[in-house]
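Undergrad: Here is what each chain is made of, one letter per residue.
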Amino acid sequence: MKLERNSRINQTNKSEIKSKLEEIFGAKNVTDKKHNLLPYSYDATECEPGMPDFICMVENVGQVINVVKYANNKKIPLVPYITGNNIGGLTIPQEGGVVLDFGKKMNQIIHIHESHMYALLEPGVTFGQLYKHLKENYPHLRYCYPFAPPYSGVVGNAILSGMNNLSCIHGSMGDWINGLEVVLYDGSIVRIGSCFMGDKLSVDNWHSRYPMPDLMGLFVNWQGATGIVTKCAVQLWPRKKIERKLLAICKNSAVTAEFIREIGRLEIVDDISAVSVEVAKMALGDPTPVKLDSEPDFPVILPMSAHNEQHYQVKVDLVNQCIKKIEKKYNTTIQCTDFDYFAACIGDDIRVFADLPNVITPLVEYSGLTWVGTYAPPDNLEPLIDETAQVFIKFDIPMFIYMKSMKSSHYAIFRPIIRYKKELEEERMKKATADILEVCLKYGCIPYKTPVWMAKRLQEIIDPNWLKFFKRTKKFMDPNNIFNPGRWGI
Amino acid sequence: MPTDREEHISEKAKEQVEIKPAKLIDISDLHPYNQESLIVSLDHCIKCNTCKYAFGAFTPSCPSGEEFGWEAYWASGRIRLARALLTGKLEWNDEILHPIFACITCGSCQDQCQAVHNDRIVDVIEALRELAVKRLGAPENQKKMEDRVGKDFNPYGDANSTNEELKKKYNLPNNAKVVYFIGCTSNYRQKNLRNATLSVFNKLGIDFTLVDEHCCGSPLIRTGQTDLIPDLMDHNIRVIKEAGAETVVTSCAGCYRTLKKDFTKFGKDLGVRILHTSEFILPRLSVGMLKEMDKKVITYHDPCHLGHHLGFYDIPRQLINFIPNLEFIEMERIREASWCCGAGGGVKIGYPDLAISTAKKRIHEAEETKAEYLVSTCPFCKRNLSDANKKVGNPLKVIDLVEIVDELL
Ligand SMILES: Cc1cc2nc3c(=O)[nH]c(=O)nc-3n(C[C@@H](O)C(O)[C@H](O)COP(=O)(O)OP(=O)(O)OC[C@H]3O[C@@H](n4cnc5c(N)ncnc54)[C@H](O)[C@@H]3O)c2cc1C
Ligand code: SF4
Ligand code: SF4
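If you're matching them up, the sequences are chains A and B in order.
Counting from 1, position 84 in the first sequence corresponds to residue 283 in this note's numbering; the numbering is continuous, with no gaps.
Counting from 1, position 399 in the second sequence corresponds to residue 639 in this note's numbering; the numbering is continuous, with no gaps.
Think of the hints as simulated: they come from the structure by calculation, not from any bench.
Computed from a predicted model, the values in this text were never measured in an experiment.
There's no promise every hint is true.
[Stated by the list, open to error] As a list, the in silico DMTMM-like pairs of lysine to aspartate or glutamate whose alpha-carbon atoms are at most 25 Å apart: (1) B:LYS252 - A:GLU494; (2) A:LYS331 - B:GLU307; (3) A:LYS490 - B:GLU246; (4) B:LYS391 - B:ASP452; (5) B:LYS637 - B:GLU608.
[To be verified] Just a sample of chain A residues kept apart from chain B, beta carbon distances all over 10 Å, derived: (6) GLY546; (7) GLN589; (8) GLY643.
All residues carry an ideal CB built from backbone N, CA and C; glycine is no exception.
Based on the provided sequences and hints, a complete structural model is requested.
TA: Following this line, the structure appears as structure tokens:
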């Protein structure tokens, strides 16, 4: 495997660039040593590795402005990085350049606005950090947590439209951004959302992103290819008195898909996370589980919150009524029980799916992890499950499908996952993910946190006018193509 | 911890795609256990970053990563370096030694990592060090430890103490069921701790003896210098056997870990029970034996070799709570979340600034409890925390638990 790609940085001017970077960031925050560059050159996925030329640990906005101006002048690629946990190769430099690491020193929670309910964050803030801060200082407010490890970036996931344990009621994390501060290619700063009032940063005015034209779209999901985010305000919610979870166990794809859609439409659960039954077995210690015919296909976790017992009971009754309808329609049985009770019976290891932020242990089994994570049309979940299952069977990979209802089932998440030994099985997994991608595309799914190879495949089938407009927008936002060049395969 | 690389790949899967294991460099000159550890690095760790925080507490956990910042200085970065060196993606040069050796081998990352390989992370780092030593030689300062152990059987370079004088002084027999394995740091540097242990044993009327112990091997194993290890281990096994011991007690956390874990790792069998002083003393105390402590406030620092490495968290706390009339206030980061003292893994000698800055953070944490005593159960922790305490210049008293017990008994 070759790590160096065709870097835009010419070896002869490397020392000049290094001096300038040291001037901007201070010598101790700049490195070009190969052993320091290497961990940034690849991730857990099958995405091709690529070395950066420099890493800089960023401390403040002034440094970002200066480096962007310099890079734009010299046409040097800048790859923003928080923890590199995106599972899509999104921080692997495609053309060398400078990785800007925000995770280590630009990671302050700037402000929590209690009554407007938002958190104003620097890019490096992690889920664990925000969780601890709210728990200790604002226990009446809550944020949301994905199945991602606690040391993953909140801002990183927001600007990538991540999904998490409040997604059934609130949708994608990209929707909950109130405001952004971004450094544009010429080094100017732009504030998107209500924070645009006044030139001085007021931590009190990040309350909403509407009703202006929503320029947020110029930065969300662009994978750092249009500007560098230096501040981000994310919405918080009031914490309700009761937070519990139900666990429902569904047989076959049709029942599971209907369950996800219908329970989502009730608009009473915070989240719906369905995982293949094999995954529960993995969490309980079996790395290569086999599902028995007698076993159900999908356990589904339903985090719920309520103002009081009565409120909670009404919600549970509504869930049960919905289940009865599905049981009747499909002539099936859906076991639904209190999650805590289930965990007490089966083993606490299963709690990793419920007590977030946490580490979903099956995801960290080996040295490789990849997925075809997609936003999916809810009506197509059945064929997606069935046909993806065939790929898992073909490659003899333990079934690992993860699904969610998003925003009351307006859309869904369909994410088949593969864990593997990186230095042994990469080729096999590349083939398997390529096959899974085809199934997903066939049923109208759109891969999120899109790796370059998937983006290239996507380009072959999408509206060419969209692609033209997309490229023009990129050119407008980044005329010298310095921001994470190569992303989205353009 | 499975190390059979193809064990989970079925024949059916192999029919789909040819399985091509990465070509590895030759590591056959490494100790077999270390070879196995390097293979672990190939097939485990997705770099999920979980080990950067204390799990569940979300407080910083890795002293080396916090100090240097670059990914290569955290556990996952080191695993990646191991992988890259093994697969030939990274060539050797002297600078690689920094991320490899600037790790305290505190094992905090092991407590935080939730993956199946978690108990092998320090093994990987130590194996990587053996590989580095074999290919480039040990860094200069760490090499001194091996030279001194080779010559005088201790890493401090003092003339070897056979412990005969101590035996005479304390009137100890040649044979006894219990051997007190002093450990080099207590025997050559933190002598108060050694003397307190001897005094406590005497006061408790223990039938014990000392042996002509050689370095347990800990500083060399931690720094990948394994050539002398079999001889050191064989010698210690022999003298302990000759003393007729059934139990070996040590007040050094590093020796404790080595005697308990590393002997087996290197295929050696001590064949005796190994106890830390705190666990040896505790059941021998009864109510009324210890004087009161006048409401003094104390806090406890978990030595990594006891805590992160062996999950030994409760007994020292039980012993502290047995002391009458003291106020025991815990620091913010304790037990699995505890922060290292900064001394281990060859860092005290190789990266003294890292050692001191790590210890200073612990001292500040102790100060926040308003404790008068910062207590530990390891001479090396005592030494480094004392050094940092002096630099910070505050009135905290850094002391070992056995010294307190000796004063009160
Ligand atoms: C085991 C595991 C499970 C996961 N499960 C989930 C899940 O259930 N749901 C979910 O939503 N996600 C999940 N994720 C992914 C997830 O955690 C993230 O995508 C994430 O937090 C973003 O990663 P990051 O903060 O490390 O950002 P990075 O990976 O460092 O960066 C992400 C992208 O943002 C860009 N970027 C970084 N900083 C800036 C900046 N300042 N300005 C502009 N662009 C920037 C980068 O260039 C890159 O394109 C999981 C990840 C792992 C490892
Ligand atoms: S060592 Fe464990 S916790 Fe750390 S990055 Fe690797 S898998 Fe994650
Ligand atoms: S052993 Fe300690 S210093 Fe070394 S990587 Fe692990 S946590 Fe960091």
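Undergrad: If a hint holds in the structure, say so; if it doesn't, say that too.
TA: Do the hints match the structure? See the list:
1. B:LYS252 - A:GLU494: Status holds; Cα separation ~23 Å.
2. A:LYS331 - B:GLU307: Roughly 22 Å between the alpha carbons, so the hint for A:LYS331 and B:GLU307 holds.
3. A:LYS490 - B:GLU246: holds (21 Å)
4. B:LYS391 - B:ASP452: Distance ~15 Å between B:LYS391 and B:ASP452 Cα, so the pair holds.
5. B:LYS637 - B:GLU608: holds (14 Å)
6. GLY546: holds (15 Å)
7. GLN589: holds (13 Å)
8. GLY643: holds (27 Å)
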